[in-house]
Each structure stands twice: as C-alpha cells, then as structure tokens.
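Participant: The chain contents come next:
Number of protein chains: 8
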Amino acid sequence: MRESLQSILKAVEEGKMTSREAHDELKGYENLGYARVDSARSKRKGFPEVVYGGGKTAEQLVEITATIMKDGRSVLATRISEEKAARVQAFHNEITYDPVSRLLYYRQGDVVSTGRRVGVLCAGTSDLRVAEEAAVTADVMGNEVHRIYDVGVAGLHRLLDALPEIDACDVLIVVAGMEGALPSVVGGLAPQPLIAVPTSVGYGANMEGLATLLGMLNSCSSGITVVNIDNGFGAAYSATLMNRIGWRENGR
Amino acid sequence: MRESLQSILKAVEEGKMTSREAHDELKGYENLGYARVDSARSKRKGFPEVVYGGGKTAEQLVEITATIMKDGRSVLATRISEEKAARVQAFHNEITYDPVSRLLYYRQGDVVSTGRRVGVLCAGTSDLRVAEEAAVTADVMGNEVHRIYDVGVAGLHRLLDALPEIDACDVLIVVAGMEGALPSVVGGLAPQPLIAVPTSVGYGANMEGLATLLGMLNSCSSGITVVNIDNGFGAAYSATLMNRIGWRENGR
Amino acid sequence: MRESLQSILKAVEEGKMTSREAHDELKGYENLGYARVDSARSKRKGFPEVVYGGGKTAEQLVEITATIMKDGRSVLATRISEEKAARVQAFHNEITYDPVSRLLYYRQGDVVSTGRRVGVLCAGTSDLRVAEEAAVTADVMGNEVHRIYDVGVAGLHRLLDALPEIDACDVLIVVAGMEGALPSVVGGLAPQPLIAVPTSVGYGANMEGLATLLGMLNSCSSGITVVNIDNGFGAAYSATLMNRIGWRENGR
Amino acid sequence: MRESLQSILKAVEEGKMTSREAHDELKGYENLGYARVDSARSKRKGFPEVVYGGGKTAEQLVEITATIMKDGRSVLATRISEEKAARVQAFHNEITYDPVSRLLYYRQGDVVSTGRRVGVLCAGTSDLRVAEEAAVTADVMGNEVHRIYDVGVAGLHRLLDALPEIDACDVLIVVAGMEGALPSVVGGLAPQPLIAVPTSVGYGANMEGLATLLGMLNSCSSGITVVNIDNGFGAAYSATLMNRIGWRENGR
Amino acid sequence: MRESLQSILKAVEEGKMTSREAHDELKGYENLGYARVDSARSKRKGFPEVVYGGGKTAEQLVEITATIMKDGRSVLATRISEEKAARVQAFHNEITYDPVSRLLYYRQGDVVSTGRRVGVLCAGTSDLRVAEEAAVTADVMGNEVHRIYDVGVAGLHRLLDALPEIDACDVLIVVAGMEGALPSVVGGLAPQPLIAVPTSVGYGANMEGLATLLGMLNSCSSGITVVNIDNGFGAAYSATLMNRIGWRENGR
Amino acid sequence: MRESLQSILKAVEEGKMTSREAHDELKGYENLGYARVDSARSKRKGFPEVVYGGGKTAEQLVEITATIMKDGRSVLATRISEEKAARVQAFHNEITYDPVSRLLYYRQGDVVSTGRRVGVLCAGTSDLRVAEEAAVTADVMGNEVHRIYDVGVAGLHRLLDALPEIDACDVLIVVAGMEGALPSVVGGLAPQPLIAVPTSVGYGANMEGLATLLGMLNSCSSGITVVNIDNGFGAAYSATLMNRIGWRENGR
Amino acid sequence: MRESLQSILKAVEEGKMTSREAHDELKGYENLGYARVDSARSKRKGFPEVVYGGGKTAEQLVEITATIMKDGRSVLATRISEEKAARVQAFHNEITYDPVSRLLYYRQGDVVSTGRRVGVLCAGTSDLRVAEEAAVTADVMGNEVHRIYDVGVAGLHRLLDALPEIDACDVLIVVAGMEGALPSVVGGLAPQPLIAVPTSVGYGANMEGLATLLGMLNSCSSGITVVNIDNGFGAAYSATLMNRIGWRENGR
Amino acid sequence: MRESLQSILKAVEEGKMTSREAHDELKGYENLGYARVDSARSKRKGFPEVVYGGGKTAEQLVEITATIMKDGRSVLATRISEEKAARVQAFHNEITYDPVSRLLYYRQGDVVSTGRRVGVLCAGTSDLRVAEEAAVTADVMGNEVHRIYDVGVAGLHRLLDALPEIDACDVLIVVAGMEGALPSVVGGLAPQPLIAVPTSVGYGANMEGLATLLGMLNSCSSGITVVNIDNGFGAAYSATLMNRIGWRENGR
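Chains as they are written, first to last, in the numbering used here: chain A, 1 to 252; chain B, 1 to 252; chain C, 1 to 252; chain D, 1 to 252; chain E, 1 to 252; chain F, 1 to 252; chain G, 1 to 252; chain H, 1 to 252.
Isolated chain A (complex conformation) (with noise of 0.2 Å):
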C-alpha cells in the first residue's frame, strides 16, 4: 500500500500487471486462520512483524514464527515465557532466547545495519529487564548499542561521569522506574532525540509505573518522547528508526 494505489492501477491498466497480480501485490499476508501473518511489513516498515507473545499459545508461537522464517525473514518475538521458548526452539532450534529480556529472535540476511548507535540507560538495577528489552532489541534490528546502566539521579555524579559516552550516541533510550527523573535530567544534557520507558519499578503511589509515565510525559526538558510502561522493545523500534533518517539523501 506504501506504492500509491494509482502506480498500481496504472500498471493494470496499461497492462503491465493482471489485476491478480495487483491484488497479490496488496494482499501481503498469509492466512494461518487464528492469525494472518502480515508478510508485507518488511515492505512497509523495513523490518518483518514483530510478534506479541502476549496471549499466544506456544503451538501458535511455532507456526507464526514458521511462517516468518520460511521466507528468509528474520523472527523477533516479545514478552516470551521461559516455557514457552523451551517449545519454540524445540521446532527452530536455530532461534535464540534471552531470559533477561525475555525476547526470542533469529536474525537473517534481511536485517540491513543502520550504521548509528543506540544509547540505552537506566536509573537502576531493577529496570534491567527492560533495559535489555530495548537493547538486544535494537541490536537484533541492526544498531550499534552502547549500555549504560544504574545512572540515576540519586547519585548524579554517575550521570555525569558517563556524559562523553553518552556523546557518542545518535539515539538515547532512557530507561526509569519510581518517579522516572532520569529522562529530564539526561534531556536538559545532551542534544539527541531521547525516548523515554517508564518501568512498572516502584510500589504504592507508583501505580505499577503509571505515576512514573505521567512523570515523563511531564518533562520540562525539551526533545523527549515516550512510550508506554515496560516498552524496551517499543523503544529500540522507534531509535531504529530514527537512525535511518537520512537513508534517501544517501542513496540506501
């Protein structure tokens, strides 16, 4: 659908496309009954569907990610269970599982490098597993990640001791729980364009991270963005995306 319809009307009618055809062209997806498997994202987005492991059985996980990888399409799939990975790979054992960050993906040739880096930070050790969502994530989508963990504001000579790093980065991720201050101080810092992942870190008036989100969306630092709660992977999508502005004016 990204090709304008009239190209592709134009093309039926000057013959250079049956109408089949065309309608293939715009179909792009496969229909497993409980799923349609949208094989035209690639096109679309640049990378294949990710999968929401959310919700789906394991027998659904190893058709959906069958169907992905036939094609040469490399599989990312989130919020994956210990035991639910056990089975997957059980049928794909050339897929990888990550228990941190709870992600299982295999990496094919269809990935292309967007040549940039991606800074992930946190503010503490109990958002690791987020954290690492959105680092292996944007690592799997071809950025160079650089992690830099346990920042937060409470010990402010951290952060700031970590500022050259930090300037070496194209995309900053940051990553917080409780009042999630972090992306504030980071953004009234450095000149990236910075997302901030609220975590579900925290207890009572913390609402499981929904004190901290309102917290970010608050931000009187300018250039920040966010996410919702616990959404590494959201993230790391969105850094990648960043990194490949540009990509026209260089011929990719």
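None of these hints come from the bench; they were simulated from the model. For clarity, every value in this text was computed on a predicted model and none was experimentally measured. All the pointers check out, no bait thrown in.
EDC-like cross-link-like pairs, simulated, lysine to aspartate or glutamate; straight-line CA separation at most 20 Å:
no., chain 1, residue 1, chain 2, residue 2
1, A, Lys-10, E, Glu-21
2, B, Lys-10, G, Glu-14
3, H, Lys-10, B, Glu-165
4, C, Lys-16, H, Glu-21
5, D, Lys-10, D, Glu-21
6, C, Lys-70, C, Glu-94
7, B, Lys-10, H, Asp-167
8, A, Lys-16, E, Glu-13
9, C, Lys-10, H, Glu-21
10, H, Lys-16, C, Glu-13
11, B, Lys-10, B, Glu-21
12, H, Lys-16, C, Glu-14
13, F, Lys-16, D, Glu-13
14, H, Lys-10, C, Glu-14
On the provided structure of chain A, position chains B, C, D, E, F, G and H as indicated by the hints.
Facilitator: Same frame as chain A, but now just chains B, C, D, E, F, G and H:
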C-alpha cells in the same frame, strides 16, 4: 490537652485547681457559632491557629482575625483574594497582604525566632506563587529565609551553581510543577531534610499537579517528604517545626 | 556541561583556562531573580531556551525575551494569550505572534536548517490549534514543513490518498483527539519515525485528552512515540532533533 | 410483566383469570434460596436466563442449570472454569463445554433462528478468547456466524481484503485490545450497526482494557456502541436482539 | 471503498473504467485545506458526513455545510452554540436550529425513512438536552420517534405504566444520569436492542457522568450497549443503522 | 406499589375495586411531558417528591412545584440558584428560600414530626453550606435539629467539649472536607448511627471531595455510612427515615 | 469518655473518685504491645471491639480474642481465613466459624437484642458471601434477620414479589455488584432506611466494585447511605445502631 | 559534589590537587556493570547508599552489599524476602535479617548517633510491618526509638493516654491504613514535626493505600508531611535528617 489529663486531675484532687478551672484549661476556644477559634493552639503547637481562607466570607474573616489578634496573638491567613483582603484591611489596617502568595498576616510579639534558616527552591518562574507562600510563611513563623528560584533540572548547571547557598540552609523546601524532578536531584545532593511541594503548573497529563505529586512521592532519593499540591504554607509550617528541634536541649 | 568535566579540569591544570573562566563556562545563565535564563541552552541543545508562557506575567515575558534576544539568539514562547502577546510586541516589535498556535517567535541567524522535512498530519479540523503549534515550531526550528489536515480514520480514503505526500517526509507528527486512532493507522503504513500528539478535543469519557493519550501509548503499530496532551511544540522539538541525526557523519 | 398490568387486571375483573393465576403469571421464577431462577426470562427477552458463572460454586451451577433445562429450555453459562465445567458435565452429560470461550451450553428446541448473520472480527490472535465468546454465543442464540480474525490496523491491507466478507453480515462485533482502533476503522467503512468489544489484552497504560474501552467510547466513527471489557457474550446477545428487528413486520 | 478493491481493479483491467475514474471513485472528498469533506460518506454509511461542532469556528461551519449541501445532501451538525448557529443561518437560511439539543440540521431528499420506530426514554427532566439530541437526530435520519420522559427508577410505577408504549418501539435509547440504573431495569423488561446513554447530570462522585457510564457498562441486564457520556447523537445514529437491518432481504 | 400486588388483585377480584381504580392506584403521577411528578411518593416514602434543581429551568420549577403544592403537599427543592429562586417565589410567594443551603421549601400540614433529634456537626466554617443543607432539610422533614459547627480534629478539645450535646441526639450527621477525619473520631466516641457527608472543601489532591469521600468510606470506626459529596440533603433524608424507626411499634 | 469530662472532674473534686480511679475510668484498654484492646468499647458503642482479621497472625488473634472474652464479652472477628479460624478454634473451642461469611464469633450474655428486624437483600447468587457477612453480623449483634436473595433488577418481578417481606423489616441492607442498581429500585419503593453495600462482583470496567460503589453513591432514590465495597459487616453494625434508636424513650 | 565545584577547581589551579584526583573526588562510585554503587553517598547524605531490594536478584544483593561493607560502611537493604535474605546471610553471616520489617542490615562504626528520639506510632496491629520498617531503620540510622502501637482513633482514649510518651519524642512517625485519620489527630495535639506513613491496610475503596495517602495529604492539621504508601524506611530516613538539625551549631 498537651499537659496530660493525669496532672490536671491531680491538681483538682489536691485542691490546687477547681473543676471549673480544669474545664477552662481544657476548653481553650472561643465559639462564634459558625466558628470555634482555637485559642489553645499556640500553647499546643507554638503558633496561633492559621486561618484557611477558602470558602470563608470577608465578614467571617474580619471577626475571626479580630478574635485571634485581641490577645496579642499573630495572624496568618491563607488563600485570600485581593478583594477579601481589602475588606479585612479596612477593619484591621495593621494587617499586611501579599498579592503574590495571597497571604494576609500580622506578626505580633508571640512569635519566637527559630534561629535557623529555611531554603526555598523552585524549578520555574511559573511556580513563584507557591514558592512565595512558603517563603513568606516561613518568615512570619520566625525563620531566616533564603530564596533560590528557577533552578529546574532542564538547565542543571543553574542548580549546581547554587549548591553553596543550599549548603547554608537547615531545611529545604523544593517547589516544582510538571514532572517534579527537582526534589529528587536536590535530595541526591543535599543532606538536609527536604520538603517537596508539587504545584499545579502544567497541562494535559499533569492533571493539575497530580502527576507532579505522584512523582515526588515516588522519588528515588531518600530524605524527602511531600505535602499537598500548591501547599507552600504547609511546607513552611513543617519546616518551622523541624527548625525548632533541639530547643529543649538548649533550654528553650 | 556537555564538554566533559575532565577536559575543563585539564585545561585549568594546564593553565589554558583560569578557574574563573572554567566557572563561567559551567555557569551559563543570567539571574533575573524570579528567573535564571539559560544562556548555555543553545550550546547544549542546538536551540535557545524556549519560554513556557503558562503562569508568567507579561512583564516577566518582556524581560525574559529581551535577555534571550540581546545576544542574537532566536526567541520562541508557547501558550501566549493574545493580550500578553500584544504587551510583549509593544516592547519588541520584531516579534511575530500567531493567534492559532498561540506562539510568539522571532528567528535570528542562530538557527541552522535541518535540511529535512517534517510532515504534520491531523485527524480533524478541531485539532488545528495543536497541529499548528507543531507546524510553526518545526518551521521556526529550521525544518521544511508539510501540512496534511483532516485525514481522520472515519474517512480512510482521505488518508490513503495522501500517502505519496506522507512518503516525502522524514519525520511524521500525527495529531488527533477523541480515540486517537490515526497514529496507529499511519504507523502501520509509513516507515518514518512517528510522534503522536493527543489533543483535548472530545467530551465525556475523553476526559480532556486522557483517553486519547492512553490510546496512543497502547498503539499496536510499532515506531510510535508519544508526547503530552496538546503538546504540539514538544513534538516538533523532538522531530527537529531527529532530523539532525547524521549531522556529525556529514561533518556538520 | 411484558403484558401490561392493565390487561391482566382486566382479565381478573372479567373472571377470565383468578387472582392466584394472575399472581403466578407475574411471579415467574423458582426460588432455590440462594437463587431465584427467572423462568419468565424467555417470554420477556426471547432467550432463557443466562448464568453468570463468576463467583458461583459447581454445586450451585448444577442445580441452576437443572432448573433451567427441566422445562425444555436452553442453557448458556459464561466464565466457567474447566474444573467447574467437568463437575457440571458429570451431572448433565448433554452439555457442551468450550475451553477457549469458557462457555457451557446446551441448545434445545426453544431457540428460534434469527435468519441473519453476525460478523465477528478481532484485531489480533491474543483477542481470540473474547472473540470466541461472542461467536459461540451468537451461534447458540440462533445466528449465522462469520469469523474474521487478526485484521488489526497495523496491517491495514488484511482488513481491506476482508471487506467483501464484512459486507455480507447484518451486524458486526469488533473485538480489539491495546488502543482499540479497529472499530473506528471498520465503522468508517461499513454500514452495519457495530458493537465494539474492548479486551484486556495489553500491558502498562492499558490498565487491563480500560484504555481500550475509553478509546472505543470516544470513536470518531459513527454507528458504534460499546460493551464492557472482555464481554463477548454481551455483544452477541445485543447482536441477536438487533437481528430480530423486523420480526413483527414479517409476522413472526 | 465499500465496493471491494478487486471489482474496481477488474473494471480498470477490462477497460470499463480509466485509472483516473477509479482514483476519483476511491477519492471521494473535497479538500478545503483545514478540512476534507467526505463526499463518499453517504455511499458508505447511508447518511452524509455529520459535522462535529466542537472546536470549529462559525466560518468553518458555514463553508463545510455549504460543501455538503451543494450536491443535495442533508446536513446535520452537533454541539452548536446559539451564537454560531445564528451565523450559519445568516448564510443558509433553510437550516433549522434547535436550542435544546443544540443541533443544526437541514434534511434533503437523500434521507430514506427506515420505516421503523425509535423509543427515547429518559430518567429525569435534567436529562432533556441529551434525550432531545437523540430524538431529533433519529427523526432527521428517517425514524419515527417516540419520547417517554422522566421515568426514572425512583418512581418505578411511572416506568411500568409506560410498558405498552415501550413495546411498540423497534429500538430503545435510554438516557439517564446519576447512577444510570434505568437501562438495567428497562433491559430486564423489554426485548428490543437497548442503547444506553449516560449523561453528565449529577455531582460529586458522579464525576461528570463517569459514574453513570461505568454503571451502564456493568449492567446485569443483557442486550444493552453503551455510547459516550452525553452522546445522544451517537445513540440515534446507531439506532438508525439497526433499524435498517433487513433492508436487503426486503429488496431495498 | 407498597401495598402488595396481591391485595390489589384480590380487591379487584372481590369487586371492591374496579380495574380502573386499581390502575389509578398504581399509576400515581402527573405527566407534564418533560416531567412525571410522582404523586404517590408521599404514600411510599412518607414525604413528597423532592425536586433536584440542577439542570431544570425556572419555568419547569414553577410548574413542578405548583403540581406538588396543589394537593396540600410540602415542597422541598435542592440546589436552587438565587436567580431561579426569585423567579419561583414570584409565582409562589409562600415559598421560603435559604441562600446558604440553596434550598427552596414550603412546609404544609402533611409532614409529621419524628419526635426525635438530629445532630449536625461540621469540621470547619468552610463546610457551612453543606451542613446547612442537612440541617434545614432535617428541620423541614420534621426533626428537631441541633447544630455543632467547627469542631474539626485539629483542635480536638472543641469536639470533646461538645460530647454532652452530641449525647442528646438520636442520629448524627457529620460534615467534613479535606481528609474527612471527623466522622472516624466521632464514630469512635458516640453510640448513635452516624451519616458522614464529605464536602468538596479542599484543594489539590482533594480532587473536589473525592479524597474526603474515600477517607470516610474507609473509616476504621464502625457505625458509619456515607452519602455523596456535598449531599447534605441526602444525609438528612436518611436521618429522618432512621428517626421514624419504631413508629409502628408505637402505633403510628 | 462518653461521660463528659466535667462529671468525672466533679466527682474527683467532691472526693467521690480518686484521681487514679478517674484515670482508670478514662483509660479503658489493655496493652498487649502490638495491640491495645479497647475494653471501653462496649460502654461507648454498646458492643465490644470487633477484630479486623486482615493482616493479623493467628497468634495475635488467639491472644486478642482471649483478652476480649475473659470478662464475659462477646467476640466478633471479620475476614478470617479457614486456616486461621482453625488455629483460633484450637484454643477457644466455643467460638463458631462460618466459612461463607468468613466470620468468627462467640456471643455471650452482654449482647442485648434490639427487638427489631434487619432485611438483607442481595442482587445475585455471586453476592452471597457479602450478604452473609451482613446477615450473620446482624444476628450476632442482636437483630432478627430476614434474608431475601437473588432479587436483581434484571428480573424485576422477583423483587416486586418480595415486597410484603421487605415491608416487615425495620432497616434494609441491600447488597449488589456490577452496576449496583438494586438499592435505587428498592429505595424508590420502601420507606425504611436503606444501607447499600457494593460488592466486588463483576469484571472489566467494574474495577473490583468501584463502579458499583460510585453507582450507589449517585443513587437518584433518597434514603440511601453507602458503606465500603464488600463491607457487609459495617452495614450490619450501622443497621444495629439504627435499630436501637428510641431505646432511651422506652427507658432502656 | 557537595563541596562546590569552585573549591575543587581552585585546588587544581593552585596545584593542591591533580586533575586526576579532582576527577576521582567527583566520581565516587564503583561500577559493577548492572549497578554503580555510590561510594560518595555517605559523604553527601551522612549514611551509605541504601539498597532497594525490589527486583534485584540474590546474586546482585550479595555483590552490592559486599561492595558497601568492604570499606567499613554500614549496610541497610529494604524489601528483602526471607529466601533472598538467607542467601545473602550465607555469604555475609554478620548481617541481621528482620522478617517483620523485611530489612537486612549490618551497622558498622560509620553511623553517628543523632542523640535524639523518634516516636513511631501506628493505628492498628495490621500496620505493624510498616511501623517496624520505620522503627528498625530509625534505630540503625542512630536514633533512639520509642514505639507506641495500636492507638487508632476508633478508641481515642488509647491515644490520649499516650500523650506523655509522645511528648518525649523529637520527631513523630505516624503509620496508619484505612482512612488514615491518626496523623490529623496527633498533629492537632503534638508540636513535633510529624511524618505520616499511609499503609496498604484496607480493602475495597481503599485501593491498596491510595485512599489513605490522599487523606494524609489533605490533613486539616498543620505540620504534617507525607511519604509513599508503606514507605516506613523513607519516613525514618527523613526523621533522621531532621534529628541532625543543629549539629553544625553544636560543632558536630
């Protein structure tokens, strides 16, 4: 009531006090019908009853302040509109009104200086009204006050530059709106007790200060306590009680 | 502060810089008492401090903008009422005011063009004020801006028809109220980074944009990040930072 | 009670009915102590009382279903765990249990077909349980059912491709989690009444379906009504009532 | 777009349609810059685009309504203040304005009667504005309308007395504020599809209709679907789509 | 309807009542089109229908009160603005208006005294409007009323001093804003049924009385029930019903 | 403390009481370290301290109940798990445990019958646990109890049929989950004071009873007061206090 | 960083410090990869970094505590499960674990006594875990601790009886669940700074402590500040900072 019931009962039993005197000792208020002015507040809390102006008529304010002042006690009234202030001042021309903090006050000889200093910090110019409510209250209640304004985390060097000034305070009041990150950063650097005051400065997901309040309650820095949104008065009142700690040791 | 502490310390040690110069280098602000104007913001973030107009008086705005402009820096102030704008313009007649976006701005030579294009989409005519805040900000900050308005999902063909225009942008800002479904649909079709801006357009269970915000944060499409309700300015600021990615590679 | 009070009173007055019979006519339930099974439900609503399984013991379910079935009425019970289902089936082996939708049902001759078709769409594979609750209920209540699954807006072509199938339905039930954008898009394209069912599929700011629900209630498309989160049953019940519209015209 | 893509592609291939015609067929809107008026809405949904008045200027309303009316299509605009209405009527004097429902409308020959009846019930006199928005919309869209007002559950006999009138309707719209119990009671008695409309009538814990909305979504009666708070228009729109069910069977 | 259906049916059967009379007996309201005034309310509840003034026009209020008064029934209308009150009094000059409680009332001979006393306590002067709504309602409905105002827990001795007065009441209504602690303290000391009324007095995290309401619902003292925020009327209505307990025993 | 301070002071002054006795009179509790059992509760409230079981260990429950029982006072403990109950019964075998209501109780001679009747209604079978907590508590506290279960508004005739039974009660407790409409309907029909108890029965937008609670607080029927979600105990406690009204008149 | 930047720069300039030393002075942490242990915390805050146990593995806890202890610094870790505690104690057998407060601690010579007293009050036995977290923390951090438990307002005499004990404290920590009224009552009587700690003890509308928290933030008593739900540790930390006020005056 602060003197234990037992000592009063003892005094009655020993004939040192009549039951009538005991009752009056415990009564400690003047009944205006719509209001019972707490004349024993000074004895219990070290400062006369403070008048909450919200929802009171000018006529009520005139009578209540007169009741407080007539025995040489100081007056402090919060959330007073300019119009109501003018009507109270028409009756009591010695009372001062400050339109920024919306405080109405008249300090008499009953207020003892704490001999200590309160630092009032705010994140942005828009937080000024609340910061001034804290600063003026702290001053009226007998503290030395030091103002450090517009030191929000988006320009961190402004705050770091103020560290020597901050160092010279005994208690810190930190006022901020939006995501409210300033208390976390100050709390990571300074060893004093810190009272965080969320303001209703912000929009959208700030929900009139609720996001700020939640952020402050979830701070990852230790040594921070929080008051209600826009409650500069309450912060200064608590700071004053803190600055009185140790009076007894020093024989006051 | 962006230059690491170490290099400044080194310079002092080697006698290339006095401690006074080092301090001034780190200080970087002008203290007006009620405000500390961050003169180092341009150096850190590539654009001078933007003034948040909410809660500031006209007098404060006049003085703050004067402070920013005097060194040849550009001014951008948000959420300015027509009345305040008139009072600022009385002092600084070179400043432009746009009543739709409520922005006050004056662009000087310090703003470098990004050389890239921001697409601003909105779902309905009622979202215009926020869309214009984004579009005008993006323009002032040095981007080419393309407006694609009233392409809400209730008439999907309007959006599909605009796909070629969308295709020509480097970053997308998608503004919508009510259920906020537009970013999900655009994000499913377009490969650019997409910043979703919820607006407070709606009623009842919309809760002044909160439902819209929540919808965007939960989008099933990847590559979407979100800013606060009605924060067109923030979206454009982030889009500008994204459009500067790769400057270093190209020697800028 | 559907027959107006007046006609029953009239019948009593005219001696066509005793006061006892009138009372029984109006009574219409069987009292089990802990439950009063509504035997008049069929007459009023065209389908027997449906049993809400949440919070009922297996023993209660056995007795209640027996009470419903004994007069030749169909049984439908929702939210039944596998364990409770097994215990009910031990007593009533003609009852079917579907573990995906968690429905327990037994259709007898009292259900009249609507002669019309319900389309059940869902956005993703994770929404299957709720979609099946709707589909099975619609089937048990006498509708032809057409399932169109995994057509979420992130891959819009999957939905557009299904338009001919959608076109053949009389009422649409659209099930979605996360931001719940699917009903808005379908509602912009299809002329049938559309019942939107939010699911609790999502995480973080989804708040177990609350964000989805709010999104659907604020849809910019017209012709959409909404039911409670995960309430596939309720959507199918309403769809059935819609599909009976016009029966009277046709003499049913 | 309702005609499947395939049939249009086929027509192009067979030379029955040029690619230009196919494009125009799919385009179906007029671009006013700030608005794209959806001229294909009638074909897709059976009624022209309805104008949401909130946040639109009188000038925009004049131009948008003119665009809709010029091809003989009916106009319906919601949430129009008296002042804006007067300015639109100055240009289009054939348009009617109803100050109770705040609807602006002009019915032309393109609206086909449904031949069926909508019953509009409301719980109290304070709900009148919303009930009338539903009733007038249902009338403009071609339904027979029956109003049954002030039948709240605090005086149940008023409702029971109206049962024969209720019985004569094909679809019910039930409008209520406060706790919103009326739909549950009506839904327990009546066999028609019931659309519940919460109103913002109430105070305190009603939270401007939120409590009412929640109550209706949780109704223990089956056959109820819900629309947004105060959305009388949306209820009537859905009721109209329901009343068109079966048209195809009858050859319409 | 309070007389059981059976006894009315019996009377019809025995010829003691015609079906018409039975119907009228059950009907019990007057239909003004926009309102159905419940003339049977007195018989069911022991007091005529009370008019909720919110959202009603002055014209509607004039007609509704006339309908109630014409048969010698008392009138009570709540939430009436001064302006509307003046317009109603222009028609019915015997009606009293109280601007503090915003009640409009006229007591006729149909109200029987309960012979018991309601104590109305409030925490602060700002709660006066709500406390007076309770006190005046209780008086109009036939209770002796005792007012005990400004006895908030910040000056506990004021409350303890009022214990003998509290002791002389049969039912207690306790009105408070802010944190709403007063009912808990009174409920710990007094043996009467206690109705807690939260007010919207407060700011910030009070959320217009929501925090107060929640506090009262969670009271650690037993014997407390709660009404909606600012609902002084409802508390007094319930207190009256409580004060009628035992009438039957005493042959009333 | 219920005897006014003055009378005790008087007695001390007149030598009728020593200061020690006066102190003991006012003290009225036994200090177990982790708990101060309130032995004066009976005198103040007419029933001994009720033990809230949530968060207490079995060991603490054993010791606390022993402390209450040793002076011939009755025990009532709420929210006791089966396991904890067994451990308490091992020590005090005269205590009864009811697994449905999760109450642990032992009634001694100190409880005086109210001589009046409490009606406990519930909307559905799933509300049974809460209804039984109310019914058993009311029984233990000396009321006659009448249970009327499963009379929810979806089958209104079940409720109307029970009106004669309802009529025979002095106070009504109405328990309901989901939208909680039952109290509104009963409150429109019955003249007794009505205590509404929301339950956490429901799902999705019910938010564990919050929607139910809000519905009940906003009831359009008068004479209804509300307690916390699932608080059957609190409703029965208040009902008991109501049923004691008038004791004094009758010389009790 | 507490020593102002200027003095360090001066020292470097004067050759009293190398740039390397200056850097190390500012660095002050040990990088474990997943954690940067803040070794400068003691110098800034007067107590070593406290470990938040939530979300950390036993392995991480072992290594982090070892890092803190190795230089003679005291360890305090919060929210440690019994299982994790056992694994840490296996490595560091000198560490104490308290299962009630879930604190893990080891006090070394670096903690200086404040020489003052903290009073810890709690409302009920169910609040014990949080009260103990406060009490043990205050003890470990060098305060004398006085526990006053189960003095909730439902039995006010228990509290009044404890007034002499309360009087002997320098700072008060008041722990309560449910409606959280205790701080308001204590704050009305006592002149010390009071830190209110809401607990998650309660049910239904308590929303796991949120209602309690809101109540405390809205207290009508002055001199109260609040911490997060169940944050006994944070209250004690702040109390300690308060108890150090005046150290400088006394030459400490």
